[in-house]
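Asker: Sequence:
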Amino acid sequence: MPQTATPYLLSEEEALTLDVPVEDVDVLVAGSGAGGLAAAITAAYHGLSVMVAEKAPVCGGATSWSGGWAWTPGTALARAEGVDEDREQFRAYLRAVLGDRYTEAAEEKIDAFLEAVPHMVGFFHTKTFMRFVTGAKINDIYGDLPGAGTGNRSVGPAPVNAKEFGPALLKKMRRQYYPTSFFGMGIMAGPDLSTFLKASKLKPEGWIHSVKRVVPHMLDMVTRGRSMHLVNGTALTGRLMKSADDLGVDIRVNSPVQGLVRSADGRITGAIVGSPDGGRYIRAQRGVVLATGGFPQDVGRRREVFPRTPTGNEHWTLAPEETTGDGLDLALAAGGVFDADMKAPAAWCPVSLVPYPGNRHGVFPHIMDRAKPGSIGVRRDGRRFVNEANGYYDYVDGMLAATPEGEPVESWQIADSTAIRRYSLGFAKPIPMPLTPYLKTGYLVKGETLQELAEKCGIDPEGLTRTVAEFNANARRGEDPEFARGATAFNRYGGDPEVGPNPSLAPLEKGPFYAVHVRPGSFGTFAGIAADAKARVVDANGAPIEGLYTAGNDHASIMRGFYPAGGINLGPALTFGYVAGRDLAGVTEYEDDGTQAPA
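Numbering (my numbering), first residue to last: -8 to 590.
Just so you know, these hints were derived from the structure itself, not from any lab. Certain hints may be false.
To be verified - Taking lysine-lysine pairs in the BS3-like style, the calculated list, with each CA pair at most 27 Å apart, reads:
#1 Lys431 / Lys501
#2 Lys162 / Lys118
#3 Lys334 / Lys525
#4 Lys118 / Lys525
#5 Lys501 / Lys420
#6 Lys420 / Lys194
#7 Lys154 / Lys118
#8 Lys128 / Lys420
#9 Lys420 / Lys447
#10 Lys447 / Lys501
Could you put the whole structure together from the sequences, leaning on the hints where they help?
Answerer: Here it is in structure tokens:
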């Protein structure tokens, strides 16, 4: 076997000369996130033998560490909730968000997505162990644009007890992302989270809910060493893995795909797959699916395509360390194309670094706290730079745009003592958790006055006090003339419904004041492998490379580097994995008509 970490391309004759065992399957899937598992399940459902080869010692990739919500407009689940929208509404919204990047080529992929997505959801929800719940209150981000939705355009995984999976499968499952957990316990966005937060307002229902969730979790940690109540991304990958296992999919970990194998007629017919015992030549009669999670951990490519990242290290991703661009390298070796013509190369998210013992740190995504009343984001000059209650992508996009050349891209999320104890600030938890541990590690900065806080953070004191004074005067009236925070349903949903007249706004007036240092990060990459509407990898002429498919974050984003709604990574990942699996199986009839009510 070639002794190199660089993916390579071999002929079938060359592959047979390697001193490795040979195995035969119909389909080989590289990677085990949402896209890869969706492809594997779909192909296996239609009678194909499938192997999933995962580089890491556990499955799930970035999907397991995500919120688990997928943007899936137009499903039967939405119609069951009374939301029946014409597909043109979805097109109108995406057309408005993408602007000039809504080209003919982009439209072809978007139409393929919109056509397949209701059938994908119907298939997984009714034919597999997957069960979805609807995002009844999840709004599209840009609510002032034509076609924007105000709920039921998303689905997430129904919570599931990990006891359903059995020890062998459970051992292969990635755990909850610790920085976004409560001591390892996942909290689901929506009613679960909102009821938890009622505890910080000293409401009995919040305490009762907290006890019901925390006590079983602690018992699981003591008796089983992990949380067994799975929500969010762990529930999504767990349900997908069990669905795959039920259909006989061979799921292997510690098995990186190292090179592709091509037949004499140019078709991809297999791959060389590493393993702890030396590797295998896997012959895949129908083809190979590349779904290895993109390249967010590839420092070299970050340096090349990420803005304001001169060394590649000025960026902190939430993706696992294994997401180093293996799928992209394999596609390029086979004649594929790197599509980096995006508004942004990655799904931006503001992050803060959580100090851990041993000089380590965790990466915390600022998803919830930015929209809460009593908190604002400022740069070094003390000025706000964005509508903090818009999407996480917009926060980083605004931070990049507002930072002068030559200065580090950074900001500080600031809250008064009312906000931090009621809602949290970054990794710092609300009542009843104490703030002392976060202050001792330096994660939180505290100032009795705004001036003291500014001096400790290196923020211009005059700029900050002026900004807060102006913000407070407007917030009391429920207004934000500078950034229109609270003007959309998305903004208001992220706020506090008990706060008026604008649930997204409250003055910062009760000291002491607190700050967290915020930096640019991402959930994963948008730039990736160029593919057609059937998820087939294409060459420089736009022709499909027979037998080679892509899904998940390896697949170049159909949103062209924009972020119109939460779940626009997972929705297309599941959908194009489903599309690839169907094409590999050669089926044309849908498994359901896309109109079935939920079981």
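Asker: List in ascending order the numbers of the hints, as given earlier, that are violated by the structure.
Answerer: Nothing - there is no hint that the structure violates, so all of them hold.
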